[in-house]
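Each chain, letter by letter, is given below.
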Amino acid sequence: MAAFAATAGGLLRLRAAGSEGQWRRLRGAGLLRGLLQPESATGVAAQRRHVAHFTFQPDPEPREYGQTQKMNLFQAITSALDNSLAKDPTAVIFGEDVAFGGVFRCTVGLRDKYGKDRVFNTPLCEQGIVGFGIGIAVTGATAIAEIQFADYIFPAFDQIVNEAAKYRYRSGDLFNCGSLTIRAPWGCVGHGALYHSQSPEAFFAHCPGIKVVVPRSPFQAKGLLLSCIEDKNPCIFFEPKILYRAAVEQVPVEPYNVPLSQAEVIQEGSDVTLVAWGTQVHVIREVAAMAQEKLGVSCEVIDLRTILPWDVDTVCKV
Amino acid sequence: MMQTVRRMELKADQLYKQKIIRGFCHLCDGQEACCVGLEAGINPTDHLITAYRAHGFTFTRGLSVREILAELTGRRGGCAKGKGGSMHMYAKNFYGGNGIVGAQVPLGAGIALACKYNGKDEVCLTLYGDGAANQGQIFEAYNMAALWKLPCIFICENNRYGMGTSVERAAASTDYYKRGDFIPGLRVDGMDILCVREATRFAAAHCRSGKGPILMELQTYRYHGHSMSDPGVSYRTREEIQEVRSKSDPIMLLKDRMVNSNLASVEELKEIDVEVRKEIEDAAQFATADPEPPLEELGYHIYSSDPPFEVRGANQWIKFKSIS
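Protein chains in written order, with the UniProt record's numbering: chain U, 1 to 318; chain E, 1 to 324.
In case anyone wonders, no lab produced these hints; they're calculated from the structure. One or more of the hints may lead you astray.
[Said to hold, decoys possible] With the C-beta cut set under 7 Å, the calculated list includes, among others, these residues of chain E facing chain U:
{"#": "1", "residue": "Gly41"}
{"#": "2", "residue": "Pro44"}
{"#": "3", "residue": "Gly62"}
{"#": "4", "residue": "Gly99"}
{"#": "5", "residue": "Gly131"}
{"#": "6", "residue": "Asn134"}
{"#": "7", "residue": "Gln135"}
{"#": "8", "residue": "Ala170"}
{"#": "9", "residue": "Leu194"}
[What the hints assert, rightly or not] Label pairs and their calculated CB-CB ranges:
{"#": "10", "chain 1": "U", "residue 1": "Asp117", "chain 2": "E", "residue 2": "Pro231", "range": "37 to 45 Å"}
{"#": "11", "chain 1": "E", "residue 1": "Val233", "chain 2": "U", "residue 2": "Phe132", "range": "45 to 53 Å"}
{"#": "12", "chain 1": "U", "residue 1": "Arg63", "chain 2": "E", "residue 2": "Lys17", "range": "54 to 62 Å"}
{"#": "13", "chain 1": "E", "residue 1": "Asp175", "chain 2": "U", "residue 2": "Arg63", "range": "30 to 38 Å"}
{"#": "14", "chain 1": "U", "residue 1": "Asp117", "chain 2": "E", "residue 2": "Pro294", "range": "34 to 42 Å"}
{"#": "15", "chain 1": "U", "residue 1": "Ala141", "chain 2": "E", "residue 2": "Arg277", "range": "52 to 60 Å"}
{"#": "16", "chain 1": "U", "residue 1": "Val315", "chain 2": "E", "residue 2": "Glu240", "range": "19 to 27 Å"}
{"#": "17", "chain 1": "E", "residue 1": "Glu296", "chain 2": "U", "residue 2": "Ala141", "range": "33 to 41 Å"}
{"#": "18", "chain 1": "U", "residue 1": "Thr273", "chain 2": "E", "residue 2": "Glu296", "range": "31 to 39 Å"}
{"#": "19", "chain 1": "E", "residue 1": "Phe182", "chain 2": "U", "residue 2": "Asn162", "range": "50 to 58 Å"}
From the three backbone atoms N, C-alpha and C, an ideal C-beta is built for every residue, glycine too.
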């Protein structure tokens, strides 16, 4: 029976197959305890359970943006939204349950600070939320819509793909909904099952007219979200929900931007390129370290950051 | 029956807190009169579909507590073989157990079409909640059902809160029974089982006579929070929950009525209680002791296909066989 490791970094149960020796060696190395084992290496299925996970490695403290504060992912998002609402008087945040702070606490305190006409709840209607957001954006105001889980974005798929993405094109640049940003918690978390774990970026990745962004850490998230909000195209911002609390970093308090459509080379290498985004970046980093140690392979790790339009040059560069 | 549902839900609560049930768990204690009353008003050959607060309906539609609790704990003995869990339970003429809010309503309209087409005088009960009532696809289903006179009973289980949002804050009109516009609607006291049963009988007769769809709003209440991760007190007061428990608890209301009309004595009802407790205990034992489904079954039933094919797992070296 094959063992299986964490994918987008969820807490998955791991059933170890026979090879205990390999287990002990890896544990000693202090690396990812999940094991990628080719099927041929399996022995008798010992029904032992292990929880495999990745370890979030914070990036070094950024010095060029002023004072920083220790924040986790949802706090970084709150900070970005706070900065946006402060800078842009037309900005509004809406979605299901955002008023009290949101089911992941991304909007805590914003309603008290900016008022109930700028941070408000919508009824349970994703298609309505996005359509409504497109309308706000078309008038020129900044609309930040929240879809409660990326799994629920599908009722809004038509609005995003047929309405938002094509607005500028079909009106010959007379109108646009560029000031729309849609945020959604994304990715597997271990106990989410069918409808709280999906990663739907691929569905949107082939739709010209929108931008799709997935951050890997609090620092990246705040910068990328601010860039999405300020970008003059409708953007979908997926936030890896497993990192909301697990990822903690020093994040600048003042607003700053991380550019869109630019991938980041996290680790240089010469033999093979590993491209990842969101939670998987952290798994891949550990894989690269393992590959170097076990196989002597030098891996280049690239965080794609923006899925659409993606940075072909950085990935293909020799 | 209501007592069984109540005890089963409380047991599920207990098992969840002991981490024997994982994942999601949406309990319906407080809403027992709805599932039991509805079942009493229809035939076993009728059809029912609801959303995720489905344990009560799974029981009333014919599955045993054992199977339900085993499904919750993810074991082989469960009704979906342990792969479905709390939100995905199915039985004969019971179509689930659906996760996405509001998505089951057009399905229900479709089932009603099949009922009409088969000509066997069956109806379909399509349930949704007060939160789902604001979804667009529900109105699409209303229109289709009314246009084609489908034998569909739309039932809005209004427990006053859509997760944490009270109905006044989510709906421009909280008269959910009127939302059908061109579909006639009934407002029913969902805590009184006899009321629910009679209303269901009336609605079923309406549909069976070919008059088309009808809407029912069951005004009910849930004691637990939205799911096990919701304490249920941040958006409503404990006093409110207590008040409903003491004044309109469905089991209490029926008990009082039966005792006062001399239909049953307090001792007889106590006996039922004891039996129910025992049944639930046995079921919980089974659910805890049953083995989990084997890992090979993870990939089964993705497609219906003659030759089994292989499905990639979490990485490309892990393959699950998919048979159907």
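Subject >> Index of numbered hints that the structure contradicts, given in increasing order >> reply: 1, 2, 3, 9, 10, 11, 12, 13, 14, 16, 17, 19
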